[in-house]
Every structure is written in structure tokens, then in C-alpha cells.
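A.B. asks: As a plain string of letters, each chain reads:
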Amino acid sequence: MITYQSWGRYPAVEQKIHSGPRWRSESLDVRKLEGTVLPHGLGRSYGDVCLNDGNWIIPTRPLDRFISFDTQKGLLRCEAGVSLAEILQVIVPRGWFLAVTPGTKFVTVGGAIANDVHGKNHHRAGTFGCHVTQLELLRSDGQRLLCSRDSQRDLFSATVGGMGLTGLITWAEIRLTPIKSRRIDQKATKFSSLDDFFKLSAESEQQYAYTVAWIDCQSSGHNLGRGIFYAGNHCESGTLSATDKSSGLAVPFDFPGFALNGLSIRAFNWLYYHKQTRAVIENAVDYEPFFYPLDAVADWNRIYGKRGFFQYQCVVPQKDGAPIRDILTAIAKSGQGSFLAVLKVMGDKPSPGMMSFPRAGVTLALDFPNKGARTQELFARLDTIVREAGGRLYSAKDACMTAANFQRYYPDWTEFAKHIDPRFSSSFWRRVTGRSHGVRP
Amino acid sequence: MKKILILGATSAIAQATARIWAKRGDAFVLVARNEKQLEAVATDLQVRGAKSVDHTVLDLCHLQHHAALIDKAHQMLGGLDIVLIAYGVLSDQKACEKDIAEANKSLTVNFLSVVSLLTPIANRFEKQGSGVIAVISSVAGDRGRGSNYLYGSAKAGVTAFLSGLRNRLSRSGVTVLTIKPGFVDSPMTIHIAQKGFLWATPETVSKGIVKAIDRKKDVVYLPWFWWWIILIVRHLPERIFKKTGF
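Each protein sequence line maps, in turn, to chains A and B.
Its first residue numbered 1, the first sequence is counted upward by one per residue in my numbering.
Its first residue numbered 1, the second sequence is counted upward by one per residue in my numbering.
Since the hints were made in silico from the structure, they are not lab data.
None of these values were measured; they are calculated from a predicted model.
Please note that the accuracy of each hint is not assured.
Mimicking DSS-like on lysine-lysine, the simulated pairs with C-alpha atoms at most 27 Å apart in a straight line are [unchecked claim]:
| id | chain 1 | residue 1 | chain 2 | residue 2 |
| --- | --- | --- | --- | --- |
| 1 | B | 2 | B | 207 |
| 2 | A | 180 | B | 23 |
| 3 | A | 32 | B | 195 |
Partial list, derived from the structure: chain B residues whose beta carbon lies under 8 Å from chain A [what the hints assert, rightly or not]:
| id | residue |
| --- | --- |
| 4 | 47 |
| 5 | 48 |
| 6 | 51 |
| 7 | 54 |
So the derived label-pair ranges between C-beta atoms look like this [claimed, not checked]:
| id | chain 1 | residue 1 | chain 2 | residue 2 | range |
| --- | --- | --- | --- | --- | --- |
| 8 | A | 236 | B | 71 | 31 to 41 Å |
| 9 | B | 90 | A | 380 | 47 to 57 Å |
| 10 | A | 433 | B | 98 | 49 to 59 Å |
For every residue, glycine included, the Cβ atom is placed at its ideal position computed from N, Cα and C.
Bound conformation, chain A alone (with noise of 0.2 Å):
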């Protein structure tokens, strides 16, 4: 059953639940209530970004019908709470797919807009904001207003990476892209430092479509920085129709807090890394374990057992990465592992959000189990090092950041805050605009 936690499970608030509009047609009728509403969607960011503690969220998933879909354009149309895996069974065996999808498929389209999440192809395709062509707001003082880039420009900016504080999105049309199998061409390179994986990436960008790299971020030394990357295109042909079968894995209960330690961490990134036994493996693979291995495993996040976890998403803009080197340090020596530890360069393609997360530069993606003040301490070092680059956090995965080091990542916060619905408020607003205290002070 739906509890509207955030993916991360941390932290842990109480919230009432405000039944919004089940139709598009229907208003949002906030006048009766007393504090502040946040829609949610499918809960699957990892930090407070998507909880209103003390407050009400408007679940969207009741939104969830297609307006309309031009097969010939590639243009989709349909209500926020609509999910990216409900619009892939529709779209590809029509030939179309998203033109970006973050790691996971269990998002809605209101929470990709609002988070203006990114994936695999940001060097060329930017994030998803950059294909969202229409959307519509609905204001807590009645208005119904279309945003676009011609229409409500500034609102629509705001919208784009706002957090869902703007207003709730009723419906949104998307760009999508055009493909001819549903498969991918992958091709799985294992490198052994961070110079090799920059000279890697460096290469696929102009010939591959998607590329990411999976990091062993417990080995240190020579080692540091060895891993495996993943570039990939669409295949130029083959079949469009879905196989149907889903894997029915999943994580039935919350694992005991010892479950994952230091060990098990790092026999997991050993194995990770020596499974591929050769340099390189070219192969053609469904497009599901391409961008979406971890649906497979249904409420994964369970491993992390009760007390949950962080994800730890920074970009710094120097394309050397020599900041990531510096992070990778900070992490094995702190000796707190992370499953997957993900690296990508990102491309200088403008998000149309005054408030996204992506820019030009290098991202890293890491998770770490909730181990109190270890892991706290852990984060400001790594803050220090991000905030010395000029980088930025990632809000969508955020829990943790203080309010002086968001101000600092987006400059732009307090004219995104002209824009906010006045009705709406989250837990991560409240406390990055110094309105309550993070879990740093």
C-alpha cells in the first residue's frame, strides 16, 4: 500500500493526505485548508524533496490518463501522474521512446518535470525539462494557466526543476524520439583509473548516445577510480513488440541494519567489477536492464533496512574531473562504501529550469547507508570539496544539505521563490530557505 515516504526512507515525517483533483477538469480546492500542500507522485526521490512534514501532500497517481499522441511527430500528451513505464508500454511498440529517462521508470511525469531529472544521453539530449513542449499549472487561487516557452515563460522556467512548488501539474505534452528496435547497442568497457574513463568518454560522446560508468568507489590507490562503462544507440533494427514478462523479483522485507557493512560493500564492487572478465563485451540488450536495472528488483531501497539511506548526487563543473578524484579519496579512506557509485559527463545542452541540477561538467551518484553522524561527517567533507569546485547537489536526492551551501548551488533561489505557489511549501524548502534546521546545522 502506498505510504508516502520518500525513496530513501529518511526522513521520517508526518503528513496528512489532501485528495486532489481525480480529473484534470476538476480545481484544486486548498481554501479550507490549514497549512501547506505539496503534490507527490511515486515518491522516488530519495530525500525530503517530494514530504511536507506537519503538512498535506496531494497524491497526483489519480491523474494518470493519455490526452493524446501523434504518432507521426512523436508528441505525447498526458496527465501528470501518468508513469514513464506506463508511457514506454504505450509509445515503443509504435516505435517512439522518451528522449530522456532517468535511471528508473517508476517516476511520473510531473515528478520528472519537477525534478527535471536527466539519464544516460545529457551530453546530447540535455534533461527532460528540454523536451517537455507544453504543461499546465494549476494555482492554488483558482488559475488554470498554460506554460511553454511562449506562454508563461518565467512560470514555465520556474516549473521546470521547481520542486513541485510552483503549482500541481494537471497534464504535460513531451517530445519523443524515434527508434527502430526496442533493443540496445551496448558496448561494456572496463577501464582501470579515472584518467581512462575521461579518455573514454571522451571518445563515445560524438558516437554513442547514452553513456554512464559504474565505479568501484571502495578501492583506492592505483585502483582508484576503476570500472566499467557502459556506452549505447538504440539499434538500427529489429523487433518494437514487448516480450511481456516481468521479473517479479522483489525485497519483502526491510534487511537487518548488519547487512550491509563494509564487507558486504566491498565484496559486492569486487564481484561487480571482476564478473566481466573481458576488456570489452559488445551485445545487443532489451532496453529495460539498459536504463532500468535496478526495476528489476522491486523495493530495492529495502536493503538499507529501517533506517534507510542517502544518495549523494554532486556536479562540478571542471571536465578534467579533478574534484572527483579528490571525492573518491575522501570516500575510501572514510571507508563508508556505496553499492553503485555512478559517473557521467554531462553535456553543456541549457536546462530550460531556473532550478535544475544539471550542467556542464561531471556528475557523481553514490549511496550510502544512514550510519548517523559517520556518515554526516563524511557528507561535509565531501560538501567542502563540491562547494570548492563550484559544483552542485542534486535536490531530488537530497536529505541532507544546509541552507548557506543550497543558496550557494543555485544562485537563482530567490528569484525561483517569486514564482512559488503561495499555498505550497515542502520539507526540503523549509529547511534550505532557513526555515527549519537541516539535519546539519
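Starting from the known structure of chain A, fit chain B onto it as the hints suggest.
C.D. replies: Here is chain B on its own, set in the frame of chain A:
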């Protein structure tokens, strides 16, 4: 490709069921009261792969329009394979106890209108020698309870009517399916945060409906465990049952 008429097409269970059929490429005529909602459902099914989707706005309380409605649907689809009746109003039991007009209204929507619709449909299917009639009744109709016996008695009427109809049509090649869902986690109940293990999603219920129709079942409890619950509820001696508070 099946030709499907859905009465009460904007209900959560009806929408979820229609989506499964739309993916198979079936053709629809949808009927409900609210035009905008009906249009939203129609375009949704269209995008999901429906062969064609037509809709008609009608409040099904108005029994006098039923015969014409069935003719129109038949004409729009060029035939009729499946009829799904998925509307109903959870009556206000207290109001019905005070005011016979309220009770009358509840019986009209939940029972009489079903009889009124199924009469011309059954005659048509009997003549064509095929067709599926699927109606959402309720576990509430299996035994009257103090908290909602008006709704329960209307649904009991529906269940009995369907049982008789099935009996009559069994030799004509017509399938009559009685659907009895338990608690359903629909948008109508979104405000209940903790729903517990007895609650099912409309998607789960809809999969059960489609499967039951494919297999030409007679009666189906959805999810299946309600069959066991109702078995127990039905066999409680009245002497004990009358004292229970639910």
C-alpha cells in the same frame, strides 16, 4: 477485436478494466454521467490502443432511455460482444432509514436500473446466441448488515437477478458473470492512509474481471480471498450474526 459497451465507464474499476481491453485493440462505447470525465477516459483508451472509442452521456437512473441506448450502442459498434455494468452508488444508510425517497433512489440506481438495462441486452444476446454480460455486484449483497443493508439488499437483488438470468441463458451460449469485489483502493478512498491487507487496487480487480470473462466464469470474488471471508460470514448463525456490529 471485441465490441464492448461499458455502463458507468468513469468508475475506477471500469477504467482499469477498459485499459486492459484497449491494449488488446478492442472497440468501445462508454456511458457515464459526466461529459468531461467521459472524454478523458475515451481519449485515454484511444491512446492505449483501442480500435475505436465512442461515448454517450446519460444518467442511468433514467430508465426510459435504456432501450434506445442499447440500440444506439449496438449501432455504433456494429454489434455487441461484452457489456460491463460498473456503476453504483454507495447509499447513505442513515438517510435511507429516515426517508423512503432516499431508499427508493438507492434501489433505483443499484437494482432497478440494472434490471432495466439487462432486459433488452439479454433478449438481444439470446437471439444472437452469444455475448457476455458482466455486472459488478458486491460482497455486501451476500448478507445484509446493519451498517449498509439498503445498498446490500439492492446488490442482493442484482446477484439473484443475474443468477436467474444465467440460468435462463445458459443454453443460448450467453455468459453471465457476477463480480463481487471486496474493499477497493480507488480514488474515492484516497483519504484513508492505512488500508491494510484486505484492500485491493482497481488494477488487481480489473485483471480478475478480464480473466473471469476470458474463462467464461459465472461468479467471481475479487480478490479471491473474499470467497473465504464470505463463506464464513454467510455461515455465522443469525443468532450470533445479528449481534455483530459490522
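A.B. asks: Each hint: holds or not?
C.D. replies: Going down the list of hints, with the structure as the test:
1. 2(B) <-> 207(B): With Cα atoms ~17 Å apart, residue 2(B) and residue 207(B) stay inside 27 Å; holds.
2. 180(A) <-> 23(B): Distance of about 21 Å is within 27 Å: holds.
3. 32(A) <-> 195(B): At roughly 25 Å apart (the allowed maximum being 27 Å), residue 195(B) and residue 32(A) satisfy the hint.
4. 47: Hint holds; residue 47(B) Cβ to chain A Cβ min 4 Å, cut 8 Å.
5. 48: holds, 6 Å
6. 51: violated, 15 Å
7. 54: At about 17 Å, which exceeds the 8 Å cut-off, the nearest Cβ of chain A leaves the hint on residue 54(B) violated.
8. 236(A) <-> 71(B): 31 to 41 Å: violated, 52 Å
9. 90(B) <-> 380(A): 47 to 57 Å: holds, 55 Å
10. 433(A) <-> 98(B): 49 to 59 Å: Cβ of residue 433(A) to Cβ of residue 98(B): about 53 Å, so the range 49 to 59 Å holds.
When each numbered hint is compared with the structure, violations occur for hints 6, 7 and 8.
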